[in-house]
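Residue numbers (the working numbering), protein chains in the order written: chain A, 863 to 1099; chain B, 863 to 1099.
Be a bit skeptical, because a hint or two may be false.
[Claimed, not checked] Within a straight-line C-alpha distance of at most 30 Å, the following computed DSS-like cross-link-like pairs (lysine-lysine) qualify:
| hint | chain 1 | residue 1 | chain 2 | residue 2 |
| --- | --- | --- | --- | --- |
| 1 | B | K1009 | B | K886 |
| 2 | A | K1009 | B | K901 |
| 3 | B | K931 | A | K1009 |
| 4 | B | K901 | B | K931 |
| 5 | A | K931 | A | K1040 |
| 6 | A | K1009 | A | K1040 |
| 7 | B | K973 | A | K887 |
| 8 | A | K901 | A | K973 |
| 9 | A | K1040 | B | K1009 |
| 10 | B | K973 | A | K886 |
| 11 | A | K887 | A | K901 |
| 12 | A | K973 | B | K1033 |
| 13 | B | K887 | B | K973 |
| 14 | A | K973 | B | K973 |
| 15 | B | K901 | B | K973 |
| 16 | B | K1009 | A | K1009 |
| 17 | A | K931 | A | K901 |
| 18 | A | K887 | A | K1009 |
| 19 | B | K1040 | A | K1009 |
| 20 | B | K886 | B | K901 |
| 21 | B | K887 | A | K973 |
| 22 | A | K1009 | A | K931 |
| 23 | A | K901 | B | K886 |
| 24 | A | K901 | A | K1040 |
| 25 | B | K1009 | A | K931 |
| 26 | A | K901 | A | K886 |
[Said to hold, decoys possible] A few chain A residues that face chain B, going by a derived Cβ cut-off under 7 Å, partial list only:
| hint | residue |
| --- | --- |
| 27 | I935 |
| 28 | G972 |
| 29 | A974 |
| 30 | A978 |
| 31 | A987 |
| 32 | A989 |
| 33 | L1047 |
[As the list claims (entries may be wrong)] Some chain B residues near chain A, calculated using beta-carbon distances under 8 Å:
| hint | residue |
| --- | --- |
| 34 | L867 |
| 35 | G949 |
| 36 | L991 |
| 37 | A998 |
Rather than coming from a laboratory, the hints here were simulated on the basis of the structure. Note that CB positions come from ideal geometry on N, CA and C, so glycine has one too.
Number of protein chains: 2
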Amino acid sequence: MTNELLELISQLPLFESLPRSLVKKTLNGTLPMVVPRGKSIALQGDRAGSLAIVLNGLIKVYRLFPEGKEITIRLMQDGDVVLTDLGRVGDISYNENYEVIRDANVIFIGKAHLQACMAEHPELAMAMLSVVHTQAQCLADEITLVKWQYLPQRVASFLAGLDPEGSGAVKVRLPYEKTLLAARLGASRESLSRAFAELRAIGVNVQNMVVAIDDLDRLREFSETSSHDLRTRCEGK
Amino acid sequence: MTNELLELISQLPLFESLPRSLVKKTLNGTLPMVVPRGKSIALQGDRAGSLAIVLNGLIKVYRLFPEGKEITIRLMQDGDVVLTDLGRVGDISYNENYEVIRDANVIFIGKAHLQACMAEHPELAMAMLSVVHTQAQCLADEITLVKWQYLPQRVASFLAGLDPEGSGAVKVRLPYEKTLLAARLGASRESLSRAFAELRAIGVNVQNMVVAIDDLDRLREFSETSSHDLRTRCEGK
């Protein structure tokens, strides 16, 4: 593993609080694997024998039901971790599908090796606890948003989150296709279009993947009457 | 602490895999506190200096927003744990309010003591990881349900879950008031009433807190066309 790569990995949320030597030991010489778009890094029901760390790319986490219905739970991006129950001994299965939407570099660390490292270095277990806790908090944020905001506000939050530092008139680029965006926001493609149409009234114009926002502050205000800063924790990177 | 109490605590999900001596050390002689209905065990924004373990009772976890809007995220019952980011050093705040709905017995364990125990006994950190992971999975289940099921199905799942072993004609008792049930299911009190009205067509009759179900298998089938066994993991106790 090159020093550059080690440097990159050491800055991920899971590792940032840990000494470089422990990061190296945990990685155990593993190299990132390229997982191309369309492939999955894990499938619902698969035995979960490793922890996957997403270095970059975009991964859709979803559940499939017998009738073929698919529910998107969240999206994973740089630094996110595919978590399984590392505290449990024995066989564990994945509860979700992890499909690569944009070519990804993923590091897989075997569960047994990771457990051994955690037992020897409690600070790794603590870092892991922190990451799992953040993930649980992001899911709670998601529940709050789904239960609370009406769709145009969720869309407004999302758009405003794409340019957290911006102000006034800005253009942002949608980070992924509208169908995936709709799934991400828990809506149908049609409802998303209607939400975009509603947002036109406050100066939001969508042209393919580019969104022109007349007044970002106004959009933020519209979204913040309900959403506050929930998004920042999970998508503000 | 009596042996009987220690026995009870040792059987909680957090402790069941651990040796009795470690449970005792972790508890550090702490006794359960009675927290009466209407009181809160923690408030959004409070400094989180301890882990709270709910021995029994019912606790509503919700977020408050400046406009006074309240969103219920989940309910906590016997054995559930109020989690904060135990992996992080320094000040941490609660992200939610925890209001006691039914008199609760709660054990509070100081964060510093807990962190010291985890550092010395990695198996405690692993058990904690397992508990946080289960909680994250329950939240993901919740997202799936909120995004997917229409309300009458969510109500049907909930009712069927109250008598998981039953069959045919049964009566079940609602475990808490309808206003809380509505909040729990992410609905208004009015929508819940409409859902109950819809369920009448498949033989569900509500009289105050008692629900008469003509055919539990039919109700289960109605709910399971969408919900499967998600509920069992989080509410099947």
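A quick look at each hint next to the structure:
1. K1009(B) with K886(B): 42 Å, violated
2. K1009(A) with K901(B): With a Cα-Cα distance of about 25 Å, the restraint between K1009(A) and K901(B) holds, given a limit of 30 Å.
3. K931(B) with K1009(A): 11 Å, holds
4. K901(B) with K931(B): 19 Å, holds
5. K931(A) with K1040(A): 18 Å, holds
6. K1009(A) with K1040(A): With a Cα-Cα distance of about 22 Å, the restraint between K1009(A) and K1040(A) holds, given a limit of 30 Å.
7. K973(B) with K887(A): It holds: about 28 Å lies between the C-alpha atoms, which stays within 30 Å.
8. K901(A) with K973(A): Holds, because 22 Å separates the two Cα atoms, which is no more than 30 Å.
9. K1040(A) with K1009(B): 17 Å, holds
10. K973(B) with K886(A): 29 Å, holds
11. K887(A) with K901(A): Distance ~29 Å between K887(A) and K901(A) Cα, so the pair holds.
12. K973(A) with K1033(B): 46 Å, violated
13. K887(B) with K973(B): Holds, at about 14 Å.
14. K973(A) with K973(B): Given that 30 Å is the threshold and the Cα spacing comes to 27 Å, the pair holds.
15. K901(B) with K973(B): 22 Å, holds
16. K1009(B) with K1009(A): Since the Cα atoms of K1009(B) and K1009(A) sit roughly 9 Å apart, the hinted pair holds (cutoff 30 Å).
17. K931(A) with K901(A): Holds - the C-alpha atoms of K901(A) and K931(A) are around 19 Å apart, at most 30 Å.
18. K887(A) with K1009(A): Outside the cut-off at roughly 43 Å; violated.
19. K1040(B) with K1009(A): This hinted pair holds, its Cα atoms lying about 17 Å apart.
20. K886(B) with K901(B): Holds, at about 28 Å.
21. K887(B) with K973(A): Answer holds: K887(B) to K973(A) is near 28 Å, not above 30 Å.
22. K1009(A) with K931(A): 21 Å, holds
23. K901(A) with K886(B): 48 Å, violated
24. K901(A) with K1040(A): 20 Å, holds
25. K1009(B) with K931(A): Status holds; Cα separation ~12 Å.
26. K901(A) with K886(A): It holds: about 28 Å lies between the C-alpha atoms, which stays within 30 Å.
27. I935: It holds, given that the least Cβ distance between I935(A) and chain B is near 5 Å, below 7 Å.
28. G972: Result: violated, 16 Å to nearest chain B Cβ.
29. A974: Nearest chain B Cβ about 13 Å off; hint violated.
30. A978: At about 10 Å, which exceeds the 7 Å cut-off, the nearest Cβ of chain B leaves the hint on A978(A) violated.
31. A987: 4 Å, holds
32. A989: 6 Å, holds
33. L1047: Not OK, violated: L1047(A) not within 7 Å of chain B, min 9 Å.
34. L867: For L867(B), the interface hint is violated, since the closest Cβ of chain A sits about 25 Å away, which is over 8 Å.
35. G949: Holds, because the Cβ-Cβ distance from G949(B) to chain A comes to roughly 3 Å (cut-off 8 Å).
36. L991: This hint holds: L991(B) lies near chain A, its Cβ roughly 4 Å from the closest one there, short of 8 Å.
37. A998: 4 Å, holds
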